[in-house]
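A.B. asks: In case you want the letters, here they are:
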Amino acid sequence: MSAIDSIPFFIPEILLLIGAFAVLFADFFVTNKKLIGITGLVILVATACLARLPAEPQALFSGFFQLDAFTHFFRYAALGIVGVTILTSLSYARMPKAYQSEYYSLFLFMAFGLILMSAATNLLMIFLAVEFVSIVSYLLVGFLKDDPGSKEASAKYLLFGSLASAIMLFGMSLLFGATGSLDLDVIRAQLAGSGFADLGLISLMLILVGLGFKISMAPFHMWAPDVYQGAPTPVTAFLTVGPKALGFAVLIRVLAGSFDHLYSHWSSLIFVLSILTMTIGNVVAIAQNNIKRLLAYSSIAQAGYILMGIVAFSDTGLRAVLIYLIAYAFTNLGAFVVVIAVSNRFQSDELESYSGLGRRAPLLAASLTIFLLSLAGMPPFAGFIGKFYVFTSALEAGFVSIAVVAALNSAVAAYYYFRVIRQMYLVPASDEDPISPSFSLALALCLMLIGTIALGIFPGPLLGFISQIVPL
Amino acid sequence: MESHLLTWIVFTPLIGSFLIMLTPKAATDKIKWIATAVTSIVLLLAVMALFRFDPSQSGFQLVQRHAWIPQFNVQYILGTDGISFPMVFLTAIMSLLACVASFNITERQKEYYLLYLLLETGMMGTFLALDLFLFYVFWEIVLVPMYFLIGIWGGPRKEYAAIKFFLYTLAGSLFMLLGILALYLKTSPHTFDLTVITQTGFDFGFQKIIFMAFFLGFAIKVPIFPFHTWLPDAHVEAPTPISVILAGVLLKMGTYGFFRFSYPLFPDAAMWFRPAMALLAVIGIVYGGFCALAQSDFKKMVAYSSVSHMGFVLLGLAALNSIGLNGAMLQMFTHGTITGGLFLLVGVLYDRTHTRDLNAFGGIGSQVPIYAGILIFYSMASLGLPGLSGFISEFMTLLGSYQYHKFYTGLACIGIILAATYLLYMLQRILLGPLNEKWRGLAEINGREIFTLVPLMILIVVVGIYPSIILQYMTPTIDAMLANMGAILP
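So the protein sequences, as listed, match chains A and B.
Quick note on the numbering used here: the first sequence kicks off at 2 and runs consecutively.
Quick note on the numbering used here: the second sequence kicks off at 1088 and runs consecutively.
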């Protein structure tokens, strides 16, 4: 479809772009910066309302993008994740007052970039979308520019990220050299037909470096703990779910689009990386005393579980990835809402500040407990449905060993999640001053709580929606 | 109401915990009142179910079935039969009594009763669920309140005991989850419905693997040697009412799992595992007995006696005949009532003296004659005095296992002698001998505490004299189960 014909399908994204610029310029006229954040939220909601799924999958802009149920699903996910992040940012105490509208505007651009990631079916577009998201992320991580931790995180992220992107680009160039095309479908046909399958696999490995960096897959996870710890907490919350979810989207697009016929070659690689990722994440998380670092390692481990679905690569496996990502997004964002509420009060993310939270703020503590149980994969919460689904897909595809390793890992993970729970309920606080979260935090908390519980008890509707997306 | 009875039994406590959530923290009397009322209602509902339950039938009764997650063919199925019904009844009784026994807990009462009722929902659900997915959900729901109940209200080493309990059980149940998933994938069309899976035959190799996966989950819960190390810690640190629930109900979830899932679903594997099961049973009985004998902590002694007595359940399971399995089922019930009562008695003494060291007492029988009488009664029941229920069930399991393996049965009898030894030695150290002057004027057991103990004593005597009152519920189901497995039995 030509560019002009594509525009009607692209209206929500255009609105989003216009909105992002509008928010940036609104800074000159609006003094109440919260209002700008709320405007950003309205723009996201409007975009979500305008988003329509055409009856047939559409290849937009001469095949650069694909608008199908998969894109549609991740479009909602991206808008939702960015929306919740903005909601929690509204009452983030350490937000620099002078740059608020830039902050919200960057997040709207981020949403745009994430949607492009989900829609891109062309290597060039994939690279551009991933880079777009990365660069906006570098900026947001370093947003507390008076804070050395934030600056260090940003620089580290930039260096690691650039290297990963460069390697990915090299892989893509090899692929282009081998097949003469950037289009995923054409690449697949060329790889299948020509004798370049080996070169294709090498390029895939190089591309995996870049995407593995985005989803914090071992051994490309080193950046995650430092970046997550240093970044402003709402940005950390976002980074643990947003780029990760869309990174998986791109990974699925690339693997399903160009490399599905080489499954037997790359599955064992992902198999090993999945085990490595979940084990490193869980084992290192045990020793953490900072909640942001703890959740960072936990998010690495979660990526390992999600990779199990990619290892299986069946319809069940891909569905498992999608459902897990949604469950994880609700749960992890929810946990970070509580982290923000506590850090607003104590200016600290150390586990000690959670002592006696069960008495100080019973609702916050109970919510964090639910989120942590969900991350640990306990029923009846969303995380259990996700874990249940990936386990099923792994067993169904015959990967018993990975399921056993994941089961052992889950037991290890329960230990450090319960360290936090223990701190909240079993360790008394020095005082019992209550913490009362602001309205926007309370709203975000409620939404995430409803999502985590509802998805755990009545996953039927979402499962139904996802079964329409996969097979792609 | 007719068909929703079991749902009410499961979810009434949950409603109760919501009510408590809405009650102000300071209104402790009201909170206690709600908790007691709710557990009483559950017991009433269980009694109602008793009248609706037809003991002569072997299949599932009072069944409720709804689609839950259609994409996975997960259904909400509740139902009861002769295996689960005695357990439901036991849970209802123990929950009410332990709730009344909780009244002297003064710390953070709102949270305590809220979690307590949540725990009851989990336990009831575990015993009534007939869908493996639903079963797993309830099985896991039990863990979380238990962690808090031990961890917040427990003794000096409560944190260690709580997390140890949690991680042990979780690790076991994750393997069970894998087993459940493997079963689900093996059936076609895929289903978690127990009634359907029971009718599907599985090949021997598959049975062995899945039997072992389930075994890990159940063995840790029972606990079977060598997975028992969490139990003394959890029992000793838990507050009295929670020890009662732990011994009275939670341990039975493990052996119930063998009756409900492992044996009917994997008959060949059960046969194959029989020698190991018998060996583990005997090790549990003898080792638990010797450990109990060596303890100077009253509560730890009772905890190890649990390991020993649960060994009889396993021995009955290894016997794989009608009398052995009936005996094992009955032992689950009687052990719940007897050991639950013993833990209550430990609590009564501890509340007054703040020590559980058996050597610190002496001669207090003259100070607290009623307490002494009740303690002697429960000790006699536990050591298997004829006329009381413990005798019947242990005798039946031995009778059953004798037909399977005479040597093991002989060894198991050592356990009974050991039980007599450690219980009488305990009675001697606490009640008899010269009075330790420190305990002169020790307060006698009060009315509330007697109220928690007497119903169990009645059950112990009634079952001891006329065991058919319970066996009539179990036998048809167990015989039918054996008949289903019968094709492979010698």
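What the hints contain is simulated information worked out from the structure, not anything from laboratory work.
You may find that some hints are simply not true.
Claimed, not checked - Restraint ranges, calculated between C-beta atoms of paired labels, are given here:
1) ALA23(A) x HIS1091(B): 53 to 59 Å
2) PRO1111(B) x MET223(A): 35 to 41 Å
3) PHE347(A) x GLY1292(B): 55 to 61 Å
4) CYS447(A) x TYR1553(B): 33 to 39 Å
5) SER1090(B) x MET223(A): 54 to 60 Å
Think of the CB as a built atom: it goes at the ideal place given N, C-alpha and C, for glycine as much as any other residue.
A.B. asks: Checked against the structure, which of the hints given earlier come out wrong?
C.D. replies: 2, 4
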